[in-house]
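Novice: Listed here are the chains, written in short residue letters.
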Amino acid sequence: MLFNSLDFAIFLPIVFTLYWLVKQLKTQNLLLLIASYVFYGWWDWRFLSLIAFSSLVDYLVGLKLSEATNHSRRRLYLGISLTVNLGLLIFFKYTNFFIDSFTQAFTFFGHPITASHLNIILPVGISFYTFQTLSYSIDIYRKKIAPTRDLIVFFAYVSFFPQLVAGPIERASSLLPQFSKDRTFNYELAVEGTRQILWGLFKKIVIADSCATYVNFIFDNSAQYSGTTLILGAFLFAFQIYGDFSGYSDIAIGTAKLFGFRLMQNFAFPYFSRDIAEFWRRWHISLSTWFRDYLYIPLGGSRGSNSMRIRNVFIIFIVSGFWHGANWTFIIWGVLHAVYFLPLLLLNKNRKNLGNISAGNWLPSFKEFIQMGLTFILTTFAWIFFRAESTYQALQYIKNIFTGLLKKSAYVDTLNIIYWKIGYQLPLFFLFFLFIEWSSRNQQFGIEKIALNQPRLIRWGLYFFIALSIFFSQHTEQTFIYFQF
Amino acid sequence: MKKFITRILLFCLLFSTAIILTFIVSSKIVNKKANFKISADSKYLILGHSHAECALNDSLLTNFKNVAASGELYFYIYTKFQEILIQNPQIEVVFIEFTNTNIKKSKEKLISSNNHVYWYYPSYSPFMNVKDQMFLLKHNPFGFIDAFCIATRKNTHRVQTSNYDFTNKIGGYLSLKRNKIDSLLAAHKKSPVEAEKEISDVETNYLEKILSYCEKHQKKVYLIRSPQHPSLPILANEKIFQKVLKKITSNRDIQFLDFNRFPLKNSEYADLDHLNYKGATLFSKWLNDLIFKKGLLQSKDKQKLIQDNMIPHIVASYRNSSK
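Chains Y and U, in that order, give the protein sequences.
For the first sequence, counting from 1, position 251 maps to 251 in my numbering; every step adds exactly one.
For the second sequence, counting from 1, position 270 maps to 270 in my numbering; every step adds exactly one.
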């Protein structure tokens, strides 16, 4: 079930009403579990067994880990959790990638082999919930948390529907205790959640989906366009992916608030970062911190010799890229970020910009503005690999950017596309979006505090404007399947 | 919690009201300004689904306009047709495709299927009567709500951009290049498809509404069956088809022009249902001569004239002239 679907618009009020009607904690948890399985099964019920299996393994591993005192036994139990979770992830997400890569490698070295693809469907959210269950087992192994004995609570924690398919990847230490605490309806929290859902939908539908139309158009026909149009395509994709992912996270966090849960902030206005290190402290925070705690620090982190530090940075960024998808383009995306990050680390400047940009001022200084712009350009350049279907396409795209960039006609073409295809609406929404995000850069999400103390007419006027923008920006027109007869 | 729910409901109510008002106002404007005008010399109109859409090349038929469209059902044709007729008083004769496929019970489910509702409702909503809209709402509430939202956006966009032109949305001749007959015949031989025996009352009812509308506006109507491959499985419902045809045409001054057995080669079909461009060219040229040179529409026994001219050597002469 998608957050921006009619199904979810019906599902959410039903679950919300039932949830607050039942009041008893155990029943609330059971209801959340059932609702989460319905939510997940709506896409494909067959994969419910997979999530149930993954949950059961980690539930049992958790209990066994807490009982075992022998170190080798504890390692064995952790090994079972790692093997099962990573095994599922590798099988469903990476099998065909490995088959392709091996075939290509053998062909490259003059021993062509043929191997057929396996017909595997990638279960939605598998990368998220396997990481969530893994962190549970690792934290118990490290004796940071105690296991839960309540099966319903654990299953509900793994499958909690607001964050099941696209995160944030919650740590057991933060989310699990919330399932065991009595929850009473909190009006302020529910209002905040609703505002966050509204802003998330705006980012997803008005910004991301609108950008997607033009991004697909430009990337699919990149050979026909001038360099400036390709730059426009890359910038639009930067906003598409941000709006899409952070919008989804906002809806997830907002939905959790409606049920009395607090999830971690996943995006902290990353495009207002002054360097790449700051960008990674603000982009997909739940994943970055997961890799930091369970991979980077165990590898030695930023301690040790320079060669160790360089190795660790490359490992974490390559794994992060690989986590996003089974394609070399994602790996190159990760490598690029490692290359961006390394100079900061080696010069000990990676923790220079810890606070918010232009704190206390409305506008950034000239220096901050330039830093922000450069960081945005670097990330946008890397996004080309993230968006491209193949490394070849990405390289062609980049090559075409620099072809004819100095010609006047290239700029005329781009202006024509903006004027005739994009029109005035999207740029106006962009201005509104950037204004709100910039004004809220010290908050948790776009409209957290905007107009909160204003009279109801102004507040509701803002909500109405956002809701109408969402409604009129939806791209639901379908292609007619019957045309394929 | 009561306060929260009350405020959310109030907001939803106000928002829904705003959307419904936008829908009503934009629909009224679109309805008033819509352009369905076709060429002034188009006296003959062809309505129907993909069979007619692919079989009748109106560029080869004098003063004809083909507005048949893939998958279009009488339910939707009824709305479109009324608008076309209102804005095109020059239309004298209406040809309505009526084939064995039209009476299938499964067509009824298609009317309110997501696929059809999403596609047709947003285009035709400004012209659709309340009863028809209620039919869709009753049979597919979720799909209808989605389509209603799409329609509101579409109508608002039309008003915003002053684009009221529907002439490119009403259908037209579709030239198919493909020929899948051999593979289809092999597949059918392997696993024969059974023809549906149940009839769609809703679709036949809407066909009758179209016929009544023509009668009311004094337009001459012919039901036509364009060529279909003899191995088409649905032809097995011929007895029921003839029964329904008899029921529809009784008490009405309507004739049925049957071209079902038009002698075409396998290479002139796109598939078992549809003609490809070769078949359409041949059939359209032949039909044009039959109407304008041999006086089909003035003839007393039209079907006999058709049968007399459907003999292979006459058709072959058109095939040779095409080359």
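It is possible that part of the hints are untrue.
[Said to hold, decoys possible] Which residues of chain U face chain Y? A partial, calculated answer using Cβ under 10 Å:
{"id": "1", "residue": "F4"}
{"id": "2", "residue": "I5"}
{"id": "3", "residue": "L14"}
{"id": "4", "residue": "F15"}
{"id": "5", "residue": "A18"}
{"id": "6", "residue": "K138"}
{"id": "7", "residue": "F142"}
{"id": "8", "residue": "D146"}
{"id": "9", "residue": "C149"}
{"id": "10", "residue": "I150"}
{"id": "11", "residue": "R153"}
{"id": "12", "residue": "T156"}
{"id": "13", "residue": "S183"}
{"id": "14", "residue": "K239"}
{"id": "15", "residue": "N260"}
[Stated by the list, open to error] With a Cα cut of at most 20 Å, we get these calculated EDC-like pairs of lysine to aspartate or glutamate:
{"id": "16", "chain 1": "U", "residue 1": "K138", "chain 2": "Y", "residue 2": "D7"}
{"id": "17", "chain 1": "U", "residue 1": "K2", "chain 2": "Y", "residue 2": "E188"}
{"id": "18", "chain 1": "U", "residue 1": "K3", "chain 2": "Y", "residue 2": "D7"}
{"id": "19", "chain 1": "U", "residue 1": "K154", "chain 2": "Y", "residue 2": "D209"}
[What the hints assert, rightly or not] Which bits of chain Y does chain U cover? Going by a derived footprint, with three or more residues having C-beta under 8 Å, they are:
{"id": "20", "segment": "316 to 330"}
{"id": "21", "segment": "460 to 468"}
FYI, nobody ran anything at the bench for these hints, they're computed from the structure.
Note that CB positions come from ideal geometry on N, CA and C, so glycine has one too.
Novice: With 10 Å as the cut and Cβ atoms as the points, is U:I150 at the interface with chain Y?
Specialist: holds, 5 Å
Novice: Tell me if the interface restraint on U:R153 is satisfied: Cβ within less than 10 Å of some Cβ in chain Y.
Specialist: holds, 6 Å
Novice: Could you grab the alpha-carbon distance between U:K3 and Y:D7 and see if it respects the 20 Å cut-off?
Specialist: Roughly 25 Å between the alpha carbons, so the hint for U:K3 and Y:D7 is violated.
Novice: Answer holds if the nearest beta-carbon of chain Y is closer than 10 Å to that of U:F15; otherwise answer violated.
Specialist: With Cβ-Cβ at 6 Å, under 10 Å, it holds.
Novice: Please check whether U:T156 passes as an interface residue: C-beta within 10 Å of a C-beta belonging to chain Y.
Specialist: holds, 7 Å
Novice: Hint check: is the beta carbon of U:L14 less than 10 Å from a beta carbon of chain Y?
Specialist: Constraint on U:L14 satisfied, holds at 8 Å.
Novice: Holds or violated: the hint that U:N260 contacts chain Y, with Cβ atoms closer than 10 Å.
Specialist: violated, 19 Å
Novice: Interface hint check: U:F4, Cβ to nearest Cβ on chain Y, cutoff 10 Å. Holds or violated?
Specialist: Holds - the Cβ of U:F4 comes within 10 Å of chain Y, reaching about 5 Å at its closest.
Novice: Is the coverage entry for the segment 460 to 468 of chain Y by chain U consistent with the three-residue Cβ rule at 8 Å?
Specialist: As far as the segment 460 to 468 of chain Y goes, the hint holds, because 5 residues have Cβ atoms under 8 Å from chain U.
Novice: At least three residues with a C-beta closer than 8 Å to a C-beta of chain U: is that true for the segment 316 to 330 of chain Y?
Specialist: violated (count 0)
Novice: Was the hint right that U:S183 lines chain Y, CB cutoff 10 Å?
Specialist: violated, 15 Å
Novice: Given U:I5 was flagged as interface, is its beta-carbon under 10 Å from a beta-carbon of chain Y?
Specialist: holds, 8 Å
In this structure, the hints that do not hold are numbers 6, 13, 14, 15, 18 and 20, in rising order.
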